[in-house]
Amino acid sequence: MADEDLHILLIDDNAVRATVIEEGLREAGHRRVTVIRDMRELLRQIVEVDPDVIFIDLENPNRDALEQMFQVSRSVRRPVAMFVDQSDTASIEAAIDAGVSAYVVNGLRKERIKPILDMAISRFNAFNRLRDELDRAKQALEDRKIIDKAKGILMKSRDISEEEAYALLRKTAMNESRRVADVARSLITAAKLLG
Amino acid sequence: MSAELRESETGKASGVPLTLGFIPLVDCAPLVVAKEKGFAAAEGLALSLARETSWANIRDRVMVGHFDAAHMLGPMPIASTLGLGHVEAPMIAPFSLSLGGNAITLSTALFAAMQQAGAQLDSPPAAMGQALAKVVARRAERGDAPLVFATVHPFSSHNYELRYWLASAGIDPDRDVRLVVLPPSLMVDAALERQVDGFCVGEPWNSLAAQKGAGVIAVTKSALWRQGPEKVLGFRADFAERKPELLAALLRAAYRAAEWAGRAENNAELAELLASPAYVGAPAAVIARALSGRLREAGGDARPIPDFLSFHDNAANFPWQSHSLWFFSQMVRWGQIAYSPALAEKARQVYRPDLYRAALADIGVDLPRASAKVEGALTARTPVASRKGSMMLGPDGFFDGRLFDPDRMEDYLRSFGVDL
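Residue numbers (the working numbering), protein chains in the order written: chain G, 1 to 195; chain L, 1 to 420.
Just chain G, with the same shape it has in the complex (with noise of 0.2 Å):
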């Protein structure tokens, strides 16, 4: 059997970074990749699937009943495993710190199971890096509305141009050691009280 010939499951209910990782492995030769989304009758879809390699992602309160599949020796054919190789911990501390766990049949050869492990864990932090950008933009977008808006509010009630309130803003930011959108929020709040 080829390297690209394991069977490799995903376990994963967020579409974004399923995708992101069957990608990932389909580049890279493996042909044979099955994504679960669908949590209901999550042993069963296994059992079905057959995997060699299972990769599961952390946010998955599933890890719990897919451990005790693996103690039933009886409802899976082949014995599995956690992770390629006990000595291995630095693959085990990287998989943890990206977010995934991975599970592997008993028997096969660390050098197969590597490759596939550093892709899939390669792949979780590209979508961590890509999740914290987006997070940080949609946060700047917010911050400059709040922003805008508290200006609005300062050229209003003290009768001052745009840069005047801003510099407002920031001096007193700096002031109390806060974020300028901080201080735009409060401002906003208090604004709302007021009336």
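Source of the hints: derived by calculation from the structure; they are not laboratory data. Be aware that one or more of the hints could be misleading.
Below, a sample of chain L positions facing chain G; criterion: calculated Cβ distance under 10 Å [as the list claims (entries may be wrong)]:
1) Ser48
2) Glu52
3) Ala56
4) Met63
5) Val64
6) Ala112
7) Gln115
8) Gln116
9) Gln120
10) Ser168
11) Leu179
12) Val181
13) Leu186
If you want a taste of the chain G side facing chain L, the calculated C-beta under 7 Å gives, among others [said to hold, decoys possible]:
14) Glu93
15) Ala140
16) Asp143
Non-contacting residues of chain L with respect to chain G, defined by C-beta distances greater than 10 Å in every case (computed) [to be verified]:
17) Thr53
18) Ile171
19) Pro183
20) Leu208
21) Ala268
22) Arg381
23) Phe398
24) Asp411
From the three backbone atoms N, C-alpha and C, an ideal C-beta is built for every residue, glycine too.
Since the structure of chain G is provided, determine the placement of chain L on it from the hints.
Showing chain L alone in chain G's frame:
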């Protein structure tokens, strides 16, 4: 106080940062109290509590060092140390967070069938088990699918309690019924949708199921084994060597927090604390009932359950090695590991009364002289040998009257028909 701790006092931070993982359950209370009521700060610790979604994550994050310690299932550090179901990662349990607190809830439909077979809401565990055995036998005769019961993890007291109860009623947990694992948050819905016929879980999930009409709380852990061990504070084994002062400081904070959590007059405040979405995220009224042991079995009237959940009384925080050995005996009994005296010894040493004593000796806490006891031997409140001579232990019987003598593990296992 160590240099590490002193430094932080003069520095900007309000304490040495420690991150602890927990699962949203009522018995995470001592950790929440340690943080929120200032017991950790008093020891120079700045606790961060990280809510987790699975026990597997708890174990893995302790293993790789994301968490300094965590709210853990009692058998979990033992399984991890023995390399069961996972990579071998030595862990220790120097502190017990709670005794009791779990219950077995049966679906409304199953309980109705058991009532036909003679069960009542207040039936003791043996009678309840007999009624269940009749239902199981009748279903087998009719060729119905086996009943499905859920627990929370293969290496959990829940798994062993449920199996103990089923087996004592003559039901083979591996043959006559099907045991699965479900996340606690999904159990109520699974019962409502009839995917499971019952489950063994900690609070608030039994009470929430009863409240929603999904099931009936049929057997409590305290009725199966009064003062039975439950959650522990689990660490990586090397933490004790790397940061002994921090470990001791955390145990002292946890001890004071457990003492506070165990006082009935604090129940209302504790219930409010735990109800926060950051912690358990369930109604304070439901949590308060679990804290006071007044569960509503079928969503109706409550009757008080003695020792339903203990955070502190009866030396609840002492990590008895007879507890770790009992968990090991159950791993052997149910085929999770083959017995050997060497493995039993390894399991015994996961629970660390020596670290508990070292941390608490100087703060005027009474400490038992023994590190293990015969479990199930006390029928009444009894004084035990302790440093200050003031220690009392409450009744601790198993419902079937058996005793677990940790020095006679092999006899104990053989008495259940286990071939060694």
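*Going by Cβ atoms, does L:Thr53 stay more than 10 Å from chain G at every point?*
With a cut-off of 10 Å, L:Thr53 comes too close to chain G, as the shortest Cβ separation is near 5 Å.
*Is the hint on L:Leu186 kept, meaning its closest Cβ partner in chain G is under 10 Å away?*
7 Å, holds
*Interface hint for G:Ala140, Cβ within 7 Å of any Cβ on chain L*: Since the shortest Cβ distance to chain L is 26 Å, the answer is violated.
*asked:* Checking hints one by one. Is L:Met63 an interface residue toward chain G, by the C-beta closer than 10 Å rule?
replied: Since chain G brings a Cβ to about 8 Å from L:Met63, closer than 10 Å, the hint holds.
*Identify whether the interface hint at L:Ser168 stands, where standing means a beta carbon of chain G within less than 10 Å of its own.*
22 Å, violated
*Is the interface hint for L:Val181 satisfied, with its Cβ closer than 10 Å to some Cβ of chain G?*
4 Å, holds
*asked:* A closest beta-carbon separation below 10 Å is what the hint needs, so does L:Leu179 meet it against chain G?
replied: 8 Å, holds
*asked:* Checking hints one by one. Is L:Glu52 an interface residue toward chain G, by the C-beta closer than 10 Å rule?
replied: 9 Å, holds
*Status of the hint placing G:Asp143 at chain L (closest C-beta pair under 7 Å)*: 24 Å, violated
*Find the nearest Cβ of chain G to the Cβ of L:Phe398 and say whether that gap is larger than 10 Å.*
Correct as stated: the minimum Cβ-Cβ distance to chain G is 25 Å, above 10 Å.
*Does L:Ile171 sit more than 10 Å from chain G, CB to CB?*
17 Å, holds
*Check the non-interface label on L:Leu208: least C-beta distance to chain G beyond 10 Å or not.*
16 Å, holds
Hints 1, 6, 7, 8, 9, 10, 15, 16, 17, 19 from the list above are not met by this structure, while the remaining hints are.
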